[in-house]
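J.: Okay, here's what each chain looks like letter by letter:
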Amino acid sequence: MKILSLIMIVLGMAVSGSSIAQDQEEFNSGGLETIRGATNIDETRKAEALKRVHKDRNPIARNYVHQPPVVPHQTRGYRVDKNSNKCLTCHGWKYAAETGATKVSLTHFETRDGKVLSDVSPRRYFCSQCHVTQADARPLVENTFKPVDSLMNND
Amino acid sequence: MTQETKMKRIWHYLKSPSSAGLWLILALGFTGGVIFWGGFNTALEVTNTEEFCIGCHEMEDNVYEEYKETIHYSNRSGVRATCPDCHVPKKWTHKIVRKIAASKEVWGMLTGLIDTREKFQNHRRELAEREWKRMKDNDSEECRNCHNFEYMDFSEQGNRSVKMHSNALASGEKTCIDCHKGIAHELPDMKGIENW
Numbered sequence: 001m002k003i004l005s006l007i008m009i010v011l012g013m014a015v016s017g018s019s020i021a022q023d024q025e026e027f028n029s030g031g032l033e034t035i036r037g038a039t040n041i042d043e044t045r046k047a048e049a050l051k052r053v054h055k056d057r058n059p060i061a062r063n064y065v066h067q068p069p070v071v072p073h074q075t076r077g078y079r080v081d082k083n084s085n086k087c088l089t090c091h092g093w094k095y096a097a098e099t100g101a102t103k104v105s106l107t108h109f110e111t112r113d114g115k116v117l118s119d120v121s122p123r124r125y126f127c128s129q130c131h132v133t134q135a136d137a138r139p140l141v142e143n144t145f146k147p148v149d150s151l152m153n154n155d
Numbered sequence: 156m157t158q159e160t161k162m163k164r165i166w167h168y169l170k171s172p173s174s175a176g177l178w179l180i181l182a183l184g185f186t187g188g189v190i191f192w193g194g195f196n197t198a199l200e201v202t203n204t205e206e207f208c209i210g211c212h213e214m215e216d217n218v219y220e221e222y223k224e225t226i227h228y229s230n231r232s233g234v235r236a237t238c239p240d241c242h243v244p245k246k247w248t249h250k251i252v253r254k255i256a257a258s259k260e261v262w263g264m265l266t267g268l269i270d271t272r273e274k275f276q277n278h279r280r281e282l283a284e285r286e287w288k289r290m291k292d293n294d295s296e297e298c299r300n301c302h303n304f305e306y307m308d309f310s311e312q313g314n315r316s317v318k319m320h321s322n323a324l325a326s327g328e329k330t331c332i333d334c335h336k337g338i339a340h341e342l343p344d345m346k347g348i349e350n351w
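Chains as they are written, first to last, in our numbering: chain A, 1 to 155; chain B, 156 to 351.
Source of the hints: derived by calculation from the structure; they are not laboratory data. Wrong hints could be hidden among the right ones.
Only pairs whose alpha carbons sit at most 20 Å apart, straight line, appear in this in silico PhoX-like list of lysine-lysine [said to hold, decoys possible]: (1) B:Lys-346 x B:Lys-291; (2) B:Lys-346 x A:Lys-94; (3) B:Lys-274 x A:Lys-82.
Heads up, incomplete: computed chain B residues facing chain A, CB under 7 Å, no partners named [said to hold, decoys possible]: (4) Thr-225; (5) His-227; (6) Gly-313; (7) Pro-343; (8) Asp-344; (9) Met-345; (10) Asn-350; (11) Trp-351.
Glycine included, each C-beta is placed from N, C-alpha and C at the ideal position.
Turn these sequences into a full structure, and let the hints steer you where they fit.
T.: Given below as structure tokens:
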């Protein structure tokens, strides 16, 4: 009797095991491959290693008119909040000449109604919303984008 | 026995103590001194550890949490600066002066001056200003205990760092804390602070 129940349990486990294996096959990627590579839907791929941010470089040319210039230096620990704005301690008009940083564009002093304020407008205060640091990374896909003629001789 | 002879005898006794007694007093004084001084310094060292500093929730929940995000807590080489490295001078006399001044913090703790996050935020400016002033007055000595200007290799620094360090810092016109505020903790409202 004991042996019989043992056999039943083993058989039961084998059957349920094979059905799980069948379920897994249904979760496959269907041969689809994204930029992140082929992964089954029920699997989590190992994340790519973090890219290193450029320590300090010269300004990087714009690609199109009105592009927010990207940040060519590290910004770890630079706080931009109600109490302080680390970016403006160099890029603000008051200090730009002394520090050699690019001055904040005067467009940043305007409200959305076009009124000019005496300092950076609250809607333009959070620098990293538009200006992003650059990491040492290759483009994921080939990109044939070319800047407009008027910006071509920037670099 | 007259009063005078009594006094003379006592005086004589005091002037010529037995050598055994003398040694005993010396030995007691010496061991007592060693125990006291050792104990004092050990206690002083205990109060000079990060563990002790964050023993109070005021420190652990506010400044310590903020500091954990910064480069002095976590970085590529694993070298850390703990609370006393920046906030307590290394030289003995300065350390004692700082320790005595810090007894005010115990009073603040007992009276609950900053026992909530909100209260702490309200006092942040004055607390920060006190520490900035201390570092300005001693030429950022605690920074310089590790970051020695003499051994800075400008070729290893970023362009921005070279520019600032070779002008303002080299000439002694500015000291570390003048520019490097809020590197280990969040900043208070910086309205009216020079260069902000």
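J.: Hints first: check each against the structure and report whether it holds.
T.: Against the structure, the hints come out as follows:
1. B:Lys-346 x B:Lys-291: holds, 19 Å
2. B:Lys-346 x A:Lys-94: Given that 20 Å is the threshold and the Cα spacing comes to 14 Å, the pair holds.
3. B:Lys-274 x A:Lys-82: It holds: about 17 Å lies between the C-alpha atoms, which stays within 20 Å.
4. Thr-225: Interface hint status for Thr-225 (chain B): holds (6 Å vs cutoff 7 Å).
5. His-227: violated, 10 Å
6. Gly-313: holds, 3 Å
7. Pro-343: Given a least distance of 6 Å, the restraint on Pro-343 (chain B) holds.
8. Asp-344: holds, 5 Å
9. Met-345: holds, 4 Å
10. Asn-350: holds, 6 Å
11. Trp-351: With a closest approach of 6 Å, the Trp-351 (chain B) hint holds.
Violated hint for the displayed structure: number 5, the only one.
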